[in-house]
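Protein chains in written order, with the working numbering: chain A, 1 to 304; chain B, 1 to 539; chain C, 1 to 307; chain D, 1 to 478.
Because the hints were derived from the structure by calculation, they are not lab data.
You may find that some hints are simply not true.
Output of the computed footprint for chain B on chain C, the stretches with three or more beta carbons under 8 Å from beta carbons of chain B [said to hold, decoys possible]:
| # | stretch |
| --- | --- |
| 1 | 201 to 211 |
| 2 | 291 to 298 |
Listing some non-contacts, in silico: residues in chain C with all C-beta distances to chain D over 12 Å [as the list claims (entries may be wrong)]:
| # | residue |
| --- | --- |
| 3 | ILE43 |
| 4 | GLY104 |
| 5 | LEU234 |
| 6 | PHE236 |
| 7 | LEU237 |
| 8 | TYR258 |
All residues carry an ideal CB built from backbone N, CA and C; glycine is no exception.
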Amino acid sequence: MLKFVRKRAVASLISLVGLLVMVFFLSRLTGDPAALFLPVEASAEMKAQFRELHGLNDPMLVQFGRYVGDVVTGDFGESLRKARPALDVVLEAFTWTLWLAVITMTLVAGAAIVVGSLAAFRAGGFFDRLSSLISLVGASVPDFWIAIVAIVVFSVNLAWLPTSGTGSLLHWILPISVLFIRPFGIIVQVVRGSMIGALSSAYVKTARAKGVKSGPIIFVHALRNAMLPVITVIGDQAASLLNGAVIVETIFGFPGVGKLMIDSILQRDFNVVLAAILVTALAIFLMNLLIDLAYALLDPRIRH
Amino acid sequence: MADHLLEVRDLSVEFHTAVGVVKAVRNISYHLDRGETLAILGESGSGKSVSSSAIMNLIDMPPGRISSGEILLDGVDLLPMPAQERRKVNGRRIAMIFQDPLSHLNPVYTVGWQIREALTTHGTDAAKAASEALRLLTRVGIPDPERSLDKYPHEFSGGQRQRVMIAMALALRPDLLIADEPTTALDVTVQAEVLALLEELQRETGMAVLIITHDLGVVAEIADRVVVMEKGVLVEAGTVREVYKNPQHPYTKKLIAAAPGKGEMHVPAARAEPVLSVRDVRKRYGSFEALKGLSFDLMPGETMAVVGESGSGKSTLARILLRLDEPDSGSALWKGRDLFTMSPTELYKLRRDLQMVFQDPTQSLNPRMTVYQLISEAWVIHSDILPKAKWRERVADLLVQVGLGPEHMGRYPHQFSGGQRQRIAIARALALEPQLIICDEAVSALDVSVQAQVIALLDRLRKEMGIAFIFIAHDLPVVRDFADHVMVMQKGNIVELGTVREVFDAPQQDYTRALLAAGLDPDPDVQAAHRAARLQRAS
Amino acid sequence: MTLQTADTVVTEEPRFATRMFRMLLADKFALCAAIFLLFVLIIAIIGPTWLGDLATKQNLRGRNAVPFDWERGWVWWMGADALGRPLLARIIVATQNTLMVAAGAVALSATVGTFLGLVAGFSSPRVNQIIMRLADVIMSFPSLLIAVIVLYILGSSILNLMLVLAITRIPVYLRTTRAEVLEIRERMFVQAARVMGASSKRILFRHILPVVLPTLTTLATLDFAYVMLAESALSFLGIGIQPPEITWGLMISQGRQYLTNAWWLSFWPGLAIILTTMSLNLLSNWLRIALDPVQRWRLEMKGRKNG
Amino acid sequence: GSGPIKIVLAEEADLLEPCMATRSNIGRVIMQNVSETLTELDVRSDKGVMPRLAEKWEQNEDSSWRFHLRKGVKFSDGTTFDAKDVKHSFDRIMSDKNTCESRRYFGGITVTPTVVDDYTIDFKADPVQPILPLLMSLVTIVPEETPLEFVREPVGTGPYKLTNWTPGQQIVLTSRDDYWGAKPEVTEATYLFRADPSVRAAMVQTGEADLSPSISQLDATNPATDFSYLDSETVYLRIDHNIEPLNDVRVRRALNVAIDRQAFLGTLVPESALLATAIVPPPTLGWNPDVKVFPYDPEGAKKLLEEAKADGVKVDTPITIIARSANFPNVTEIMEAIQAQLEEVGFKVELKFVEVAEHEQYYSKPFKQGRGPQIVAAMHDNSKGDPSFSMFFKYATEGTQSGFSDPKVDDLIKRASAAVGDERAKLWSELIAYVHDDVVADVLLFHMVGFSRVSERLEFKPTMATNGTLQLSEIKIK
Ligand SMILES: Nc1ncnc2c1ncn2[C@@H]1O[C@H](COP(=O)(O)OP(=O)(O)OP(=O)(O)O)[C@@H](O)[C@H]1O
Ligand SMILES: Nc1ncnc2c1ncn2[C@@H]1O[C@H](COP(=O)(O)OP(=O)(O)OP(=O)(O)O)[C@@H](O)[C@H]1O
Ligand SMILES: [Mg+2]
Ligand SMILES: [Mg+2]
């Protein structure tokens, strides 16, 4: 187990470095930040000076060497736009994103597993049809629809909730609800599919022969066997939340890492992009590690 | 007639399939009283499992359908009962031991958990359930029960899993126990213990037992009455003695006549160059040593029977010889070349020559393939064996040889009975025309008439094509009829190795002797005598 | 015992296609879905040549015309967009591009992802480690960044867009497949196949893949929606498909600002996406059952009852 | 009354650096609120450059400018404001230790500040700068102690000081008791940031904010709270004259008359937007009322094209219009409509939408080698009241966004920049007419309007400057 984690950590570190190298060079191919930072009327000298000041005039390899040197000492550089350490900017935003992702995914996973399982239990029944309809619409509706409509209904017309922002607990309700919908739809479907198979297995018969109630049969006997694809997909959805829920952050004014990343990419604020990718990648690597451990935890047959 | 514990009246069950309606059970009726043991004998695929599943309400409906009949438990019809109440009956009042323990145990929970669940479901508190589970595992003879509680089903041997099932079924001391082939995977000594356990419980609690088996010895040992089924129909009923001594129906007669263990024992030819030469094979699972250095030789066309305690490493040996598990050390020379060091490409060529029939037929058949696809896959893989045009014909041929029909070709594994699946697995192994077949309890789920037919087939192949067999079995009479050499295993060791005659007539080791002594005789009278003697010895 | 002759009422097994067709008839939802998809497919093929001109004809005076105006021609029934172009015609014309991008991206990512997943689950720990870490990398590479980079360097085209979207979706398939393979390869029938000498390829594709496939199809159908919407987000940021090309996603993103004033601009393309996803999903759920021998009775029984 | 207010903006200020205050997202928060300038341009009435931290100014003999500074002014850190601060502020902008944006207004000019006494400072410019007092309205004053590098906590002399800044969430300005001028009614301003226009509108509606200077035209439906204002942005198509067929003036004229500008008003462009005849909006010095919008004349366009074609101009070459997605509201639709109108008269037009960084590469020099005929759709902002901030960049041979080179244009720009008073206005007018009518330099489209939503409890009318400056002291509370 420890050995497994250590091996994994080494491999992850290598791929993390690879990722950063890739992003470093690729992102620098996408244009000159000077042109974006300075107004279009800025003179060529000003642009040159900007590049000089931020070391963008040096050959790419020199820049890379310097970056690596700094990173090794824990310095991820300054944000071009914000004139403050890129890592600080990212960590600030990531905290919000992390909370949003964790809360949302917890709710989603719980709800989707229950709904999907029940739907599978009576596949083809009314509940199944209804939940399929809802989940599919949820999975394919543009999220800004829901966001804007939710604001119009709950904030403007009913005045129950604030439109946007981050102050109180109430502020979290709309963003989380909007984020909830799509992963919920997807996971319900995956759970349902996987559970249909599990529920027709022989061991479910055994449980029925033991007189076990439907509840435990679904949620204890079948579910755990059906969980492998489910947690994989939960992981995938969580990863996309960790990478930032751009729409929700934009509309609800949530200062998360998604919008930060887009803005930094569009503005070619490389240091922030790199730091953001580093932080989210770390989170995602860690999550994948947890998922892989969960596989083994869920199914003793795949423990090595 | 409300005084019967269980009464099945006019029960019919049918299944819908793509190719039409299968009438699995047709208008059968029988009854069972408290403390009584009723054996259902019958051809494999005759509807034994289905009819007993109907009692437990475990038939998938649809595609199954109970088209007529009623099932009365203490005079109350179980069929129209609402699910809520059924649950109180299942497990507590009626318990079931399934035919196919591997697939019927939940792979992701420890066996301890699964046994405890049977108890807690019906209201036992957790602490009590825990101690009870330990007691039950001990009772069914699982070695190291305390540690075993925390093991998962795949970590057990076939026989051990079956005992776990038994423990689970007995947990709540039900009024009625339905035991579907409860001892197919048990060696005779353990089988005797388990049967004794059933009897003891019967004495203590007045439990009634409905036992489905094809082993006439088991019937003779514990049953009071027998019903015989064939092709979904109940063809004969009566006390054990009546039916054995004076069978009425031709099928019953055939069945009794087919009881193994009466033929000539083989005399193996003089030993020449062995095809397979196994030296000092060892295997451990964690700290547990499953194989402790086995060595033996196998001649071409020879049958090596492997008998021995459940959990002694028989299946492990088979798996290792086929490189499904890697051994820790040792060598196995196949025609002079070491199986254990072969590269995948070399192995591929060899696969053709080495085949296996698995202990657990359900799991070893891909549920998404039809019988035709399952069998013909061999020729897809090794394309030089048979031209495609002939496949259909050959599959039909093989099916008939193992006692199935060509009409089964389009069906899927789940649509067959346990014994039928085993026969499909045998047919599949034969399709490759290998030189060595490892049969892991390959005939244990077959009724004696089919068993005899299959054994005869294997024997013919052995003679005609020089196929060698490693024949893992616990059914001593079958071994006696079929084997050239017998290898007796216990706790990962070979305790005795010799020709059939040597082993059966002059066993050297205590364990072998105990094994032989524990064998059951199909004749109820003989068995009654054995029993009396045994009881006397015990007291 | 006269009954002894045959224990089954055997009818000749119908051909695969007929059987599938019958099972499709048995599931009304799936049947509707199939018909709808067929319809969409036909539209995708003939749409651009059929209504191409109508869909681009602007009329600023008739901008944002309301839907359900039965007086005008049928192409106006869904109303008009901000340039007065009939929405229905635009949706029809956009079908081709939309399906090309979505189907292309989903098919590509599903194929590559599944293949890598099978390999990772079945080969040596080293290969597994390499593939899985690669998946980690892709997974943590924000899709938008990939999009900006690829489209910036290679230029924006339908093919590149498809490529970008495909890359970002690979890890789901990969990880799902691998997780399932880990479990399935321990099953006895896989070992039985090995004993028969089946090559890894055969075991993976003939024995393991069919078990994983239903889950993957479910994922893929849902990804269809995902891809169409992601493409819309990219358009909005100026790195996706851009006018005058049209896709449903682009229509949604163009209608975005009118959501509270002229809802129909983004509603209809959104509905098209929802219906397509839903149909695909219904069909995949049907397929899951139709291809699973243990579940198939659900459809076969119904067919009988109905027929 | 008085009290705190909340303002919701579209874009967060990523930096509150005074010398970057000419950037609109930063300026809107700190310009004249926290950081003040020596002079200030009056945009509400027609008073031109007004005193702020400088009480008065005059031109010296040697044509340098002398500014007399206000006394008794204190920075928010308590230090006193004097001429050294002004010099430092200016030097800081010119320093190469940072990339202050305001420096761009001094491109090509060398300015030397000399402290005369504590409250008098001279600026000597080479070449002579007649509009130096106007330029000084762009130089924010920081205390002498301010480091040359960017700071995150602006210190200024303005009526407010920064009291809270939670990046991503809010910026709070609180009014200062020791401010030199009149005490504003707004005691505290909280700035919030929402990228979505309909959310901004909703926030004012629900009372979560009091003021949103920019909402979408579509949301501006409530006459009691929603106002439109000319926002100094001009949308135009920059033509690259270097490539055939755009090097032919008939073709450029055809482009101009082929577009039905009027049809956009009230449809894709707000009703109240103005059709442009110059790159600068009307109140700018020298704006020429005699220049007339090109008439919509598709037949004329066709004829022009035919003429050109007859002279061997390859008018069939596909022309690419490059636009930036989300550059301004409805940009895609407007460009699609323009494309349709151009194709109507026989142009072959391709549309290309790009993101901001790529757009910049097409818009500014150096242009790519081997390019085809290109037109870049862009939006230009000049709220400074003088065309010099636009003309050089957009039309001079050396201008970074200029698509042509014309000696007369160069000459006019040079002369106008050096001129003062009416002469200056006249020269600019002449240039505007020449560029529009004779050179047909580009396709000028609209002077855009913005929409703001102001809570009914406030009294505030946004102006052309609101884009870059939002003076809290101008907001009154009812
Ligand atoms: N789901 C099903 N679909 C179609 N036929 C089925 C299905 N389940 C069982 N059958 C058929 O019903 C018959 C009875 O099966 P059952 O399992 O009761 O046999 P059995 O008597 O227990 O045999 P064995 O001793 O081999 O276990 C068999 O012929 C089998 O093919
Ligand atoms: N994967 C495993 N992990 C741990 N222990 C295992 C595993 N597989 C088998 N064992 C143990 O190895 C021993 C030998 O098992 P094996 O299946 O070879 O027995 P067997 O002789 O075939 O018994 P049976 O007759 O009951 O099938 C058993 O005690 C079993 O518990
Ligand atoms: Mg059976
Ligand atoms: Mg075994």
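> Is it the case that C:LEU234 keeps its Cβ farther than 12 Å from each residue Cβ in chain D?
Replying inline: Per Cβ check, C:LEU234 is inside 12 Å of chain D; nearest 10 Å; violated.
> Going by Cβ atoms, does C:LEU237 stay more than 12 Å from chain D at every point?
Replying inline: violated (6 Å)
> If you look at each residue in the stretch 201 to 211 of chain C, do at least three have a Cβ nearer than 8 Å to any Cβ of chain B?
Replying inline: holds (count 5)
>> Is the claim that C:GLY104 lies outside the interface with chain D correct, judged by CB distances over 12 Å?
In response: Its Cβ never comes within 12 Å of chain D, the nearest being 21 Å, so this holds.
> How does the coverage statement for the stretch 291 to 298 of chain C fare against chain B, requiring three or more residues with Cβ below 8 Å from a Cβ of that chain?
Replying inline: Check passed, 7 qualifying residues.
> Should the label of C:TYR258 as a non-interface residue stand, given a Cβ cut-off of 12 Å to chain D?
Replying inline: Incorrect as stated: the minimum Cβ-Cβ distance to chain D is 6 Å, not above 12 Å.
>> If we take the beta carbon of C:PHE236, is the closest beta carbon in chain D still more than 12 Å away?
In response: violated (7 Å)
> Taking the minimum C-beta separation from C:ILE43 to chain D, is that value above 12 Å?
Replying inline: holds (23 Å)
Violated hints, listed in ascending order, are 5, 6, 7, 8; each of the other numbered hints is respected by the structure.
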